[in-house]
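J.: Spelled out from the first residue to the last, the chains are:
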Amino acid sequence: MKARYGMVIDLDRCTGCGSCMMACAAENNVPSLPQASARTGLTPMLVRRVSNGGEGTARREVFIPIMCMHCEHDTPCVKVCPQQAVEVDKATGIVMQMPQRCLGCRYCMTACPYHARYFNWWDPSWPTGMEKSLNPGVAVRMRGVVEKCNLCHARLHSAQAKAAAAGRREIDSADYVPACVESCPTAAIRFGNLADQNDPAAQEARSPEAFRLLARIGTEPKVYYKSKEAWVRALAESNSGPPSVIERAEAHNG
Amino acid sequence: MKISRRDLLVWSAGAAAGLIVTPVPWKLLDDTSIWSQNWPWIPQPVRGPIEVKQTSCTLCPKGCGMKVKMAAGWPVGVAGLGSHPISRGALCPLGFGVHQLNWHPQRLRFVRHGSQISSWNDAGAAFAKACNEGPVVVIEGYPGRAASSVLETFSQKQNGSYRVVLGSETRALEAYEAWSGVPTSSLAYDLESAKTIVSFGAPLLDGWGTPGQFTRLWAERAAGKTNPQLRLIQLEATLSRTAARAWQWTSIPVGSESGLAAGVARVLLEERLVAAHGPMPSLTLAEAAAQTGLSTEVLRDLARTIASQTPAVAIASDDNPAVAALNVVLGSVGARGGIVRRSKRTQHYISADAELPSARALLVDASVPWDFVPKTNAEVFRFAAWDGGSSKADWLLPSPGFLEETNDIPSTPTSAIETYAVSPALTKAPHEVQSAAQFLCSLDPTFTTAEKIIHSRCEELFRARIGALQAQERTPVAKFDSAQKIDEQLSKGAIWTGGPGIPGFKCVLKEWPSVNPSDSENSSTIWPAPVLPPLATKLYRESSLREASEMRNA
Amino acid sequence: MSRTTLTFGFGLAMALLVGWVAFPRALYTQKQQPLEFRHKTHAEKSGVAECNECHAVREDGAFAGIPSMEKCATCHSERIGESKAEAVLVDNFIKPGHETPWLVYARQPANVWFSHAIHLKRAALACTECHSTYGESDQVRAYEVNRISGYSRDIWGHSISRLRRAPHEGMKMSDCEDCHARRNVEVGCLGCHE
Amino acid sequence: MASGALTDSSLTDRKWIARGEERTSLPRFLLWLTPWAALLAVGVYAAGLCLDFGLNQTNMDNRFAFGLWIFLDLGVIALGAGAFFTGFLVYILKRAELKPILNTAVVVGFICYSGAVAILMIDVGQPLRAWFTFWHPNTHSMLTEVTFCISCYLLVLCLEYIPILLRNRQLRKLPSFLVFEHQLHKLVPVLAGVGTLLSFFHQGSLGGLYGVLRGRPFAFRDGVFIWPSTFFLFILSAIATGPSFLMLVAATVEKVTRRRLMPADLFRRLGFISGLLLAIYVAAKSIDTLIWLNFTSPSAGFAPWQYYTHKPFGTPILFTEIVLFGLLPAFLLTYRKTAARRAWLLSAAALACAGVLLNRFVLTVQTLAVPTLAFDEFLQYTPSWQEVASFSGVIAYGVIVYSLSYRYLPLFTPAKGESNHVSGN
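Chains as they are written, first to last, in the numbering used here: chain A, 39 to 292; chain B, 1054 to 1607; chain C, 22 to 215; chain D, 9 to 433.
No lab work stands behind these hints, which were simulated from the structure alone.
Among the hints, a few may not be true.
In silico SDA-like cross-links for lysine to any residue, where the CA-CA straight-line distance does not exceed 20 angstroms [to be verified]: (1) A:Lys170 / B:Lys1445; (2) B:Lys1538 / B:Gly1557; (3) A:Lys128 / C:Trp134; (4) B:Lys1278 / A:Arg193; (5) B:Lys1106 / A:Arg193; (6) B:Lys1278 / A:Glu247; (7) D:Lys263 / D:Arg276; (8) A:Lys128 / C:Leu27; (9) A:Lys170 / B:Glu1230; (10) C:Lys52 / C:Trp134; (11) B:Lys1120 / A:Glu247; (12) B:Lys1445 / B:Val1164; (13) A:Lys170 / B:Lys1538; (14) B:Lys1055 / C:Arg168; (15) C:Lys193 / D:His144; (16) C:Lys193 / C:Arg168; (17) B:Lys1563 / B:Lys1055.
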C-alpha cells in the first residue's frame, strides 16, 4: 500500500521549548560546530518565533516549527536537481535528499521557498570521543553537500527490518515515529499517513483550522499547521503576513 | 637517432588514444568520487548491537523517565519514557542531548587543587586533615537519594551540618511549612485536579517542575481551547513562552507579584467570592492597583475569574509568602487541586542560602548547581563532572557524568504522586572520576555505600507492600516475593509509584505576610551542570529560539 | 610502415600495457586477516550446518554479522589441537577477551543501509546469492583494499573491466540495482542509503 | 627549425609575431602582463583555499546559497554571447563584413566560457562528483541543460580557437599543423552552426534556471511552450549585448595598442545590430514584467509591491534596468547622429553591457534576498575576499589570454592575410 507520510502541527500547543530541534539534531547526527552561525548552521528542524507585530499587551506570539514540507506536487527541489540527488519516494511520499549523490550546487536551496534545506559549509566534526555518541543508523554527511529533513528515515529502516524479521510486509506504525514527533512534550505534532482517510493526522489536516504555508504556490506540501487564531492562519499567505511587514510595505508605497 | 618535438607529439597522441580504452580514466573517476563520499576524516558512528534501556535522568532532581539507546556499550540517543507516571514521555529540551555531555570538552578529568593538577590521594589526605581539625558542612542539590543519606550521615558524624540547595519550585512551597508544620520537601501541587492555575511568573510551560507533568496536562485540558477545563492565567511582566500560550495573560511590573496577590485576596474576601480562610491583607485595593499598574476593575475581574472556576491554585515562581497567603485565602492549601502533601513524610532541610555555620571544610556535591557560590572562608571541596570555570573551590573533584554511576531517584519536587526509581550505571566512567558519596565511602570503609542503601530501600518497599512497579505493565508491590526481584525490576528501569498526594492538613495563617515588593527572579530549572549539551549550545546559537540572556551556562 | 605510425603505435601499446596490467596491480593493496579460519572444517568437525547458526539476524531485524568471541569460546575456550593458528586464537583473542579485528570482504560504506532481514526473510534469498560459496571455503583469502576509495575489492569485483565477471562477483550499487530490476523490486534512494 | 626561435627568444620574440605586424618590445609586454599575472596568482590561491577548506571560505550562507560567482557566471556567459552570434552572422547569414571582429569574438568567447566553467568548479561543494550530472542526469533540470550545453560549447570554442592558434607564425611551419588547420577551417562554418544551437539552448536555460523557480515568485515566470519567458529574454539580452561587448573590447585594445584595428563603420554596424536587438529585448522585457506584476506573482499569493519594499532593492532598480540600461542605449546605438560619434557609441555599448549585468544580478542575488515566508526577514550578503579574489582572477586570466593571443596571433587580420591596420605611432 502506498503511504503519504505527513504532519499536522498544532501551533496552539507549541510552547517553543525546542525539544523537537534537539531530538532532530541528535537523531540525525548534526554536528555542533562552534564556527557555524544562525545563517550557516544546520537546523533541519527549526522553530521560528513569530509575533503579530503588536506592542505591550496587544502583542501575540506563536512558535512555528519549520522543516522540509515534503511537497507532493511539482516538488521544487526535485525538479531542479541536476543529478537526481533528490526524489519523492513513490512508496512513502517522503522527499529524499541523497548527500552521496549531491554535488553541492545548492540550486535546490534557491528553489525551496521554506529555507528548509541546509548546506554543509564545514567538515563535520565533534569534540574528541563524542563520535561515540552518534546515532549508528544515520550516516554523517560530508562537507559540501545539501541536507534536510528526511523524516527520520533511519527509523523507517529499523521499522522495516523489524517487520521483515517478524515476517511482516507492512511496518508497525508504532515503530516509525520521527524524533520531533516523539519528543514534543505537548504532543503538538501529529504524524501519520495522509493517504489513509481514517488516520487521525489525515483527519486533522482536513479541519477548518488547518492550513499550509505558501499553499498558493501550488506545491502541495504534506506538512500542515493548525491554529484557532486568525492572525496565525493568515501567516500562510506571504503578503498577508504579520502587520510589521505590511506596514513597512504600505509606508513605502504611500 | 634524434627524437624531434614532432615525435613526442605523435607518441603522446598514441598514448592518449590508448589510455581512453583502458580502465585508468574511468576507474579513477569512479574511485575519486567514492573517496569523496567516504572521506577518511569524516567521524564514523560506533558499530554494534543496539539495545534500548529504560532509566531516569539524574541530571536534575526532576528525574524524568528516559529510554536510552545503547550501541556497543555507549549511549547514542535518548527519548522520553511514556510509561513514567510524572514525566509521561517528555523530557526538557536539554534532555535530548545529555548522552553527548560526557564528551563535553569541559569534562573534568583530573583532581584540581587551586590551579594545578593534583591526585585523589592528596585530595583525600587534605579532606581527612580538615575533618580532624573541625566541623565539615556538606551541601547538595538533590536531597533524598541514597547518595544524599551518605552525605548526611557523614556530616552528622563530623558534627557538621547538612545543607540543601532547593530549586525555585520547591522554594515557592517554603512559606506553607511555617503555617502547616508540613516539611517543604513533602509538599506538592495537585495539578491533576486543579481547574484554574494562577501563575505569578512561574514558567509553567517552560521547564517548570517535571517538564512532562504540566505540559501534558495543559495540552490535554487547555491548549487551544477557548473555554478550557484547565484555565492557565499567567501574571508576568513580559510575554514569556508560558504567557504566549496561557488562557489569559496579564502584564504586571516585575516585583509587584506580592501586591497583586494581596489585591486579589482582598477582592475575594470583600466580595465573599470564597469562604474566608485567612486574614484580610493590610494592602488596600487602591494601593494594590497602584503597585501593579492595573485598574481596580481589572483586579476585581481577575479575582472573579479565579473564583469562577475552582479548585484554583496560585503558583509563585519562587519563595513568595503573599502568593502562598493567597492560596490560603482561596482555601486551596491542603485541598484537592491545591497544595497537598505526599504520603511519605520527609524531614525538614536547612536551605544552603541560610547563614553557614563556621566550618573548617565545605563539601559541595556535584548535584549543586555550578552557579551556587557558598559565602564561606572554609576550605571548599567541589565535586563536579564539568568545569564551569572561575570556581570558588579550593579542590575541584571530577565526578561521574551522565549514566556513569548507579543512582536512585526519589519523588520529584512539585509532583503529588509518590515515585521511586533507580538509574543504573549504563556506561563505564573514566577511571579517574568519583562521586562525593563514593569518595566519602572510600575514606571510611565502615560507611554503607549508596548501592547498599538502594537495596535496603528496596527491602523497605517490599516490606511496606504499598504501591506498584511500573515496567512494561503495572505490578503491585504485594505481588513480588522478594526484595531482590524489586531491586532487579528497578534497575531495569521500572518505576515504583506510591499513593497520590494527601489533602486535609491544617494550615493556619494569623496575619497577612509582610509584602516585600522586591522578589521574583526566574530560574526555570535547576541544571547542575555548568555546561549545556553541545547540541543545545549550537541550536541556541543557530536559531532565534532563545535570546542570549536566556542561555544559561552555554 | 612510416615512422609516424610506429611512434603512434608505440605510444598506444605502452598506454594499453600500463592501463590493463600495471594500473590494476597498483590500485589495490593486500592485507592479511588477523586469524586463520576454515568454514569447511567448522561445517565438518563441529557440525555447523546453517550459516545463521553463527551469522544470525537479531529479532529487531539487525544482522549479527561475524559472531563474537564468546561464540568461539564455547568450543575454543582451551586450545584444540596444536596448530599455530589455534594458539593465536586462544592466547591473543579468547583468553584476553579481545574481539578479532576481521577485515570484512563485503563491508559496504557507512552511507549504505542493507538489511539482511529483508533479503533473507522477505525476498527469501540464499546467502550464496551474494556471498557465493565462501561459506564452504577452506582458508581465509587475502583482503584487497582499493587505495583510493578504501573499499574492499569485492565491491567492485575482481575483474577490473567488470565485463566478464562471475555471477556473484561485485557488490556495487549497480549490482544491487540490476538484481532489484530483475526481480522488479522498486526502492527509492534512501531505501538503501542512510 | 622552431627550436632556433626558442633559443634567441630570450631577447626578442620577433620570430613568433606575424610578419608585418608591429608589436611592442617583449620587456614592455611582460611589464604589462606582470600585474595581471599577480592578480591571477591571488585568484588561484583563493580558489585553492575554497577547494581545500570548503565553501566556508566564502560569505555565502543557507539563504544566499548562490553568491557573487553565479552572478559572474551568468554575466560573462551573457557577454561572451558575441562569439556564437558573430559566428552565426558571418557563416550562417553570410555577413562577411563582420569578419575582422570574428577572431576577437572567438577568443573573448573562449575566455568567458572557460572562466565561467572554472568558477563553477570552485562554486560546487563536491567538484569530484560533478560528472554525476552526465552519468545520472535529471532531464527536467535546467541546470542539466546548462551543464551539457556549456561543456559542449566550450569544446566547440576550443575547436574554433585552434585554427586561430595554428596561424601563429612558428606553428604554421609544421606542415601537418597547416593541413590540420585547413581541415578545421573547412569545419568552422559547421562549428558556428553547432555553436549557435548550443548557445541558444544554454543561454536560454540560464534564464530558465531562475524562471522555473516556483518557490521564488520574484523570479518565477509563466511558460512559453515548455520554457519560462526568461528563457527567451536571456537569449535576446545575450545576443543584444554580445556585439556591444565586442565593440568595447576592440576599442580598449585599440586604445591600449594605440592602433586602428577595425574600420570605423564596423563599429557602427555592430552598434546598430546591438541596438536593434536591445530595442526588441526591452520591449519583450517590459511586456514580461507587466504580465508578471499583474498575473504571475499575485496568483502565487505575492503582492508585487512586497519585492520592492527592501532597500536598496527598490523600484528604481527596475527603472534602471529597463530604461537607463535598456531603452537609452538602444536609442543611442541605433540613432544615426549618436551612432556616428565614437564616444556616444562606446558609452552606449557600455550601458548595454551594464544592463545585462544588472539583469543577471537582480535575478540571482535579489531573488535570494527577497523573503518568501511571511515571517522571513530581508537578508544581505557581502562576498568574502576569497570570492572577490577568484572573481578578479578570472578577469586577469581573460586579459592575459587575450594579450597573448593579440600579440602572437593575427587576430584582426582576415585569413587572406592582407593587413588592415592603419599604422599608428
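J.: Now tell me, hint by hint, if it's right for this structure.
T.: Right, here's what the structure says about each hint:
no.: 1; hint: A:Lys170 / B:Lys1445; in the structure: violated, 33 angstroms
no.: 2; hint: B:Lys1538 / B:Gly1557; in the structure: violated, 35 angstroms
no.: 3; hint: A:Lys128 / C:Trp134; in the structure: holds, 19 angstroms
no.: 4; hint: B:Lys1278 / A:Arg193; in the structure: violated, 33 angstroms
no.: 5; hint: B:Lys1106 / A:Arg193; in the structure: holds, 17 angstroms
no.: 6; hint: B:Lys1278 / A:Glu247; in the structure: holds, 12 angstroms
no.: 7; hint: D:Lys263 / D:Arg276; in the structure: holds, 17 angstroms
no.: 8; hint: A:Lys128 / C:Leu27; in the structure: violated, 58 angstroms
no.: 9; hint: A:Lys170 / B:Glu1230; in the structure: violated, 47 angstroms
no.: 10; hint: C:Lys52 / C:Trp134; in the structure: violated, 25 angstroms
no.: 11; hint: B:Lys1120 / A:Glu247; in the structure: violated, 34 angstroms
no.: 12; hint: B:Lys1445 / B:Val1164; in the structure: holds, 15 angstroms
no.: 13; hint: A:Lys170 / B:Lys1538; in the structure: violated, 33 angstroms
no.: 14; hint: B:Lys1055 / C:Arg168; in the structure: violated, 40 angstroms
no.: 15; hint: C:Lys193 / D:His144; in the structure: holds, 16 angstroms
no.: 16; hint: C:Lys193 / C:Arg168; in the structure: holds, 17 angstroms
no.: 17; hint: B:Lys1563 / B:Lys1055; in the structure: violated, 120 angstroms
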